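Let's have the full structure, built from the sequences with the hints guiding it.
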Amino acid sequence: MKTKSKIVGGNFLEDFYLGQIIKHSTPRTITDGDAAVYISLTGARHSLHSSEILANELGYSKRPIDDFLLFNIAFGKTVPDISLNAVANLGYAEVQFFEPVYSGDTVHCESIVIGIKENASGVAGVVYVRSTCFNQNGNAVLTWVRWVMVKKRDHAANISTRHIPDLMTSVPSNKISVPSRIKDQETLGRIFEANGSQIIWEDFSVDEIILHPGGITIEDSDHMLATRLYQNNARAHFDAKLMAGSAHGKRLVYGGHIISICRALSFEGLDNSLSVSAINSGKHMNPTYSGDTIYCFTKVIEKIKIFGRSDVGAIRLGTIGIKNMSPEEFFDSKYENCQNKNNENIVLDIDYTTIFPRKGRSN
Amino acid sequence: MKTKSKIVGGNFLEDFYLGQIIKHSTPRTITDGDAAVYISLTGARHSLHSSEILANELGYSKRPIDDFLLFNIAFGKTVPDISLNAVANLGYAEVQFFEPVYSGDTVHCESIVIGIKENASGVAGVVYVRSTCFNQNGNAVLTWVRWVMVKKRDHAANISTRHIPDLMTSVPSNKISVPSRIKDQETLGRIFEANGSQIIWEDFSVDEIILHPGGITIEDSDHMLATRLYQNNARAHFDAKLMAGSAHGKRLVYGGHIISICRALSFEGLDNSLSVSAINSGKHMNPTYSGDTIYCFTKVIEKIKIFGRSDVGAIRLGTIGIKNMSPEEFFDSKYENCQNKNNENIVLDIDYTTIFPRKGRSN
Amino acid sequence: MKTKSKIVGGNFLEDFYLGQIIKHSTPRTITDGDAAVYISLTGARHSLHSSEILANELGYSKRPIDDFLLFNIAFGKTVPDISLNAVANLGYAEVQFFEPVYSGDTVHCESIVIGIKENASGVAGVVYVRSTCFNQNGNAVLTWVRWVMVKKRDHAANISTRHIPDLMTSVPSNKISVPSRIKDQETLGRIFEANGSQIIWEDFSVDEIILHPGGITIEDSDHMLATRLYQNNARAHFDAKLMAGSAHGKRLVYGGHIISICRALSFEGLDNSLSVSAINSGKHMNPTYSGDTIYCFTKVIEKIKIFGRSDVGAIRLGTIGIKNMSPEEFFDSKYENCQNKNNENIVLDIDYTTIFPRKGRSN
Numbered sequence: 130m131k132t133k134s135k136i137v138g139g140n141f142l143e144d145f146y147l148g149q150i151i152k153h154s155t156p157r158t159i160t161d162g163d164a165a166v167y168i169s170l171t172g173a174r175h176s177l178h179s180s181e182i183l184a185n186e187l188g189y190s191k192r193p194i195d196d197f198l199l200f201n202i203a204f205g206k207t208v209p210d211i212s213l214n215a216v217a218n219l220g221y222a223e224v225q226f227f228e229p230v231y232s233g234d235t236v237h238c239e240s241i242v243i244g245i246k247e248n249a250s251g252v253a254g255v256v257y258v259r260s261t262c263f264n265q266n267g268n269a270v271l272t273w274v275r276w277v278m279v280k281k282r283d284h285a286a287n288i289s290t291r292h293i294p295d296l297m298t299s300v301p302s303n304k305i306s307v308p309s310r311i312k313d314q315e316t317l318g319r320i321f322e323a324n325g326s327q328i329i330w331e332d333f334s335v336d337e338i339i340l341h342p343g344g345i346t347i348e349d350s351d352h353m354l355a356t357r358l359y360q361n362n363a364r365a366h367f368d369a370k371l372m373a374g375s376a377h378g379k380r381l382v383y384g385g386h387i388i389s390i391c392r393a394l395s396f397e398g399l400d401n402s403l404s405v406s407a408i409n410s411g412k413h414m415n416p417t418y419s420g421d422t423i424y425c426f427t428k429v430i431e432k433i434k435i436f437g438r439s440d441v442g443a444i445r446l447g448t449i450g451i452k453n454m455s456p457e458e459f460f461d462s463k464y465e466n467c468q469n470k471n472n473e474n475i476v477l478d479i480d481y482t483t484i485f486p487r488k489g490r491s492n
Numbered sequence: 130m131k132t133k134s135k136i137v138g139g140n141f142l143e144d145f146y147l148g149q150i151i152k153h154s155t156p157r158t159i160t161d162g163d164a165a166v167y168i169s170l171t172g173a174r175h176s177l178h179s180s181e182i183l184a185n186e187l188g189y190s191k192r193p194i195d196d197f198l199l200f201n202i203a204f205g206k207t208v209p210d211i212s213l214n215a216v217a218n219l220g221y222a223e224v225q226f227f228e229p230v231y232s233g234d235t236v237h238c239e240s241i242v243i244g245i246k247e248n249a250s251g252v253a254g255v256v257y258v259r260s261t262c263f264n265q266n267g268n269a270v271l272t273w274v275r276w277v278m279v280k281k282r283d284h285a286a287n288i289s290t291r292h293i294p295d296l297m298t299s300v301p302s303n304k305i306s307v308p309s310r311i312k313d314q315e316t317l318g319r320i321f322e323a324n325g326s327q328i329i330w331e332d333f334s335v336d337e338i339i340l341h342p343g344g345i346t347i348e349d350s351d352h353m354l355a356t357r358l359y360q361n362n363a364r365a366h367f368d369a370k371l372m373a374g375s376a377h378g379k380r381l382v383y384g385g386h387i388i389s390i391c392r393a394l395s396f397e398g399l400d401n402s403l404s405v406s407a408i409n410s411g412k413h414m415n416p417t418y419s420g421d422t423i424y425c426f427t428k429v430i431e432k433i434k435i436f437g438r439s440d441v442g443a444i445r446l447g448t449i450g451i452k453n454m455s456p457e458e459f460f461d462s463k464y465e466n467c468q469n470k471n472n473e474n475i476v477l478d479i480d481y482t483t484i485f486p487r488k489g490r491s492n
Numbered sequence: 130m131k132t133k134s135k136i137v138g139g140n141f142l143e144d145f146y147l148g149q150i151i152k153h154s155t156p157r158t159i160t161d162g163d164a165a166v167y168i169s170l171t172g173a174r175h176s177l178h179s180s181e182i183l184a185n186e187l188g189y190s191k192r193p194i195d196d197f198l199l200f201n202i203a204f205g206k207t208v209p210d211i212s213l214n215a216v217a218n219l220g221y222a223e224v225q226f227f228e229p230v231y232s233g234d235t236v237h238c239e240s241i242v243i244g245i246k247e248n249a250s251g252v253a254g255v256v257y258v259r260s261t262c263f264n265q266n267g268n269a270v271l272t273w274v275r276w277v278m279v280k281k282r283d284h285a286a287n288i289s290t291r292h293i294p295d296l297m298t299s300v301p302s303n304k305i306s307v308p309s310r311i312k313d314q315e316t317l318g319r320i321f322e323a324n325g326s327q328i329i330w331e332d333f334s335v336d337e338i339i340l341h342p343g344g345i346t347i348e349d350s351d352h353m354l355a356t357r358l359y360q361n362n363a364r365a366h367f368d369a370k371l372m373a374g375s376a377h378g379k380r381l382v383y384g385g386h387i388i389s390i391c392r393a394l395s396f397e398g399l400d401n402s403l404s405v406s407a408i409n410s411g412k413h414m415n416p417t418y419s420g421d422t423i424y425c426f427t428k429v430i431e432k433i434k435i436f437g438r439s440d441v442g443a444i445r446l447g448t449i450g451i452k453n454m455s456p457e458e459f460f461d462s463k464y465e466n467c468q469n470k471n472n473e474n475i476v477l478d479i480d481y482t483t484i485f486p487r488k489g490r491s492n
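Chains as they are written, first to last, in this note's numbering: chain A, 130 to 492; chain B, 130 to 492; chain C, 130 to 492.
Fair warning: there could be bad hints in the mix.
Unchecked claim - No farther apart than 20 Å at their CA atoms in a straight line, the calculated lysine to aspartate or glutamate pairs in the EDC-like style are these:
hint, chain 1, residue 1, chain 2, residue 2
1, B, K370, C, E457
2, B, K135, C, E337
3, C, K370, A, E457
4, A, K152, B, E322
5, C, K370, A, D461
6, A, K312, A, D336
7, B, K370, C, E337
8, B, K191, B, E247
9, B, K412, B, D295
10, B, K281, B, E247
11, B, K135, C, D461
12, A, K428, A, D461
13, A, K152, B, D295
These are computed hints drawn from the structure, not numbers from a lab.
In this text the structure is predicted, and so the values were computed from the model without any measurement.
Okay, here's the thing in structure tokens:
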């Protein structure tokens with residue numbers, strides 16, 4: 130008696146319906162241990178997440194968990210229900226970080242289906258979900274929309290719903306969460322010292338491009354350790370035998386690891402970026418495999434003043450992750466191609482909003 | 130003046146005697162850091178170890194340390210004395226988990242020699258030991274028997290003792306430790322939500338076989354990180370130069386890592402397995418090397434009611450770890466061979482007892 | 130508008146001047162998570178850092194952070210300012226460990242330039258810095274001198290300063306910090322049990338050589354995880370594409386990882402070494418790459434009595450790290466070459482002072 134009936138195998142296109150609420154499994158207590166493993170995986174250096182002392186100075190009770198560590202853990206919880214049978218993770222939008230999460234907090238997630246659209250082929254379709262991550266007090270700490278191409282279980286199934294949600298191109302400035310508070314010049318000085326840079330909000334110009342100098346070559350152990358840390362069980366990242374039979378021919382690096390690597394690399398140039406408030410949009414443009422070297426560059430998209438705050442401001446940044454070509458080399462030779470986003474070296478195109486110190490400060 | 134006199138080189142067959150008590154070195158404070166690294170190495174998702182909130186709800190003061198993380202740390206302590214000169218780790222039996230271990234607890238181990246048997250060849254023999262792991266209060270948290278084939282230092286040495294201990298084929302049901310308590314329907318609902326499944330004790334049938342769908346390809350970094358986390362210093366796992374000269378030709382993956390990987394993969398199908406009470410028997414059937422992909426399937430061996438408890442029951446499971454062949458493919462083509470356990474794809478045969486929620490609950 | 134103006138690119142030879150004080154970025158709260166990752170990377174087993182119980186017994190409020198974990202984290206902080214443009218890290222001296230650092234402490238570092246010497250070639254030169262690491266109370270926990278060969282930005286730049294500092298060949302015995310206190314015979318017995326050895330200070334003889342039996346083969350993931358844990362951003366360790374164009378042809382293993390691996394391997398033979406008080410000198414003799422297997426042996430250089438203490442004594446040890454040749458094989462065939470330090474198998478030559486229990490104890 131052999132059975133697969135005990136396996137919760139993930140949803141297919143015909144399992145989703147508009148307004149469907151899905152409570153995701155695997156609540157997670159996030160700890161200093163996770164923060165340490167994350168630093169080991171990414172080399173993250175932004176001081177707010179590295180130093181309890183600086184975090185206290187900026188009004189946090191403890192070091193907040195790195196925004197992208199939280200994002201990846203939260204994302205992982207949605208995989209078994211949303212994307213286990215996905216062909217591709219197409220994009221993110223309206224990602225908002227609310228309250229900080231601290232070591233010892235326990236998070237869980239739920240999603241609501243906000244859009245469904247069958248492909249012309251009839252063998253798959255796109256599902257849009259809004260997912261929200263809550264802490265142990267029931268407060269939302271993070272929300273995001275993503276859309277994925279999901280297979281149909283039965284090609285003959287009729288998908289009557291066709292709804293594409295209206296998504297904001299960016300999180301509005303009045304919705305940007307800013308937990309940091311820079312109380313005086315002395316605190317500002319400590320930020321400068323902690324991050325090794327005096328470059329602040331006023332120093333950035335719209336359309337300016339920053340070439341981050343570092344690069345990290347990714348090994349199979351690295352991305353599997355990361356993906357397992359997030360309890361993300363998507364098979365494509367772990368099973369070389371399965372993937373040998375796929376179009377990729379080998380294990381795929383989880384896209385969220387690329388986001389984390391690019392965020393860490395962008396410390397050189399965005400040193401004083403304090404926290405991440407929002408991801409306005411994000412797309413994984415091409416796959417990354419073991420052996421690929423990841424670099425990135427960032428374009429300043431918009432400078433945003435925050436109502437009632439002269440100590441900090443927001444900046445909307447477009448970070449482009451590239452593989453196997455240094456940012457200089459890439460930028461010089463291929464920026465035209467980059468613009469139309471068809472370049473095979475581009476692996477990530479993420480538009481996010483982050484908080485920087487400003488010259489003026491609230492008193 | 131060069132000397133090896135400072136090296137405690139591990140025991141050989143002639144160093145062991147019946148009733149010998151060995152206190153193992155390297156007491157270890159287990160922390161949230163270890164729990165985080167363990168998740169990163171295995172992708173473990175059982176909620177009792179992932180969520181402090183669920184653990185509290187089930188009557189634990191904190192998230193208990195994952196049973197197999199504890200087992201592997203405890204096992205590692207015995208290696209320098211028991212198996213540093215082992216040819217093979219032949220099997221486990223009578224493994225019992227008593228009290229939960231929490232972050233911050235400090236454990237140490239000791240062993241007693243319970244059996245010795247020289248091989249016909251006269252160059253090695255089998256040693257049986259019962260090892261016990263204690264917490265800082267001196268309470269036993271885990272005990273196990275294992276037997277290993279150990280080399281003789283001197284082939285001419287006379288091994289007069291020949292004693293094979295009587296081992297139980299399974300830990301008796303009245304000795305099964307059950308720290309969880311499911312106080313009401315609401316708690317049961319939280320377990321279902323946390324693990325993403327409503328399949329309980331009553332839903333399993335003896336002889337039922339569950340094919341777990343995931344697979345993990347193991348890299349050298351992965352298993353070395355795991356084995357070092359356990360402070361297990363067996364050379365075969367770390368030294369590629371040494372192993373190039375062995376019959377294996379390369380580094381061996383530590384068997385305990387395979388157990389942990391199979392336990393994590395079996396979450397899909399055994400989602401509501403709460404804690405592990407016992408390992409009735411365990412054998413590493415074939416070696417695993419870097420590049421091998423590990424899968425597993427599980428057979429229900431026995432369903433055990435726990436005296437005085439209607440909220441939870443025990444299930445005795447037989448999990449077979451296989452390499453480089455999906456469970457479906459393996460099961461279809463080779464189950465006959467599997468039965469006689471000579472199949473080269475089988476790497477692990479473990480028979481363990483775990484706790485599941487039941488429909489009826491104590492009030 | 131593409132710019133590199135936001136990148137703090139590290140200093141070149143002409144940027145340094147005698148007496149210059151550099152405050153390093155990235156303060157770091159060190160946690161049990163870092164300690165767990167460190168054990169996973171190295172297999173470290175010295176009980177003082179493994180067991181809170183033993184640490185308490187020796188007078189520490191908690192398990193102190195492993196000395197070399199602290200050293201590597203502190204070292205990492207100096208890289209962006211001191212050695213990002215380094216050709217080579219030439220050596221260490223006068224490394225002193227003061228107060229223990231505990232989980233939860235936040236450390237930061239600063240350096241003072243104490244020597245500058247242009248090379249005859251005129252394209253680079255050597256910079257000597259004394260770096261000091263402080264905890265959140267402003268107490269120095271660690272200080273060290275290192276010298277690095279740094280490129281000139283502009284080959285035509287005139288380097289008028291030429292000063293080579295006088296460095297001590299070893300940290301004087303009256304400056305050796307000894308936080309441990311062995312209060313009685315019972316405590317001594319616990320150390321013996323915890324480390325699995327009864328070999329104490331009195332048992333070592335000057336010039337004695339100990340061949341440590343273990344070896345660890347290093348993979349790219351291993352050393353990158355370690356180097357990122359230390360937030361060390363030197364490109365040579367991470368960027369395979371960059372390094373393919375260098376004389377090395379591939380990623381270099383961070384030298385501090387080799388120190389940590391050798392310290393961990395030397396547990397077998399130096400089991401009762403409690404804490405590290407000083408590194409008198411250290412040199413990375415040859416590069417290590419992924420795939421290399423690291424071994425080591427240790428020579429007893431000096432036995433040092435500590436004023437007013439009969440419970441512990443210091444021993445000055447010379448540990449030689451070797452690659453791809455077992456210590457026995459190396460020692461037998463090449464020790465003559467080893468003496469002149471030109472041997473291509475030698476990767477590390479470190480002279481450090483560590484604390485051992487003594488027979489006599491303070492009461």
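Task: Non-conforming hints, listed in increasing numerical order - done: 6, 7, 8 and 13
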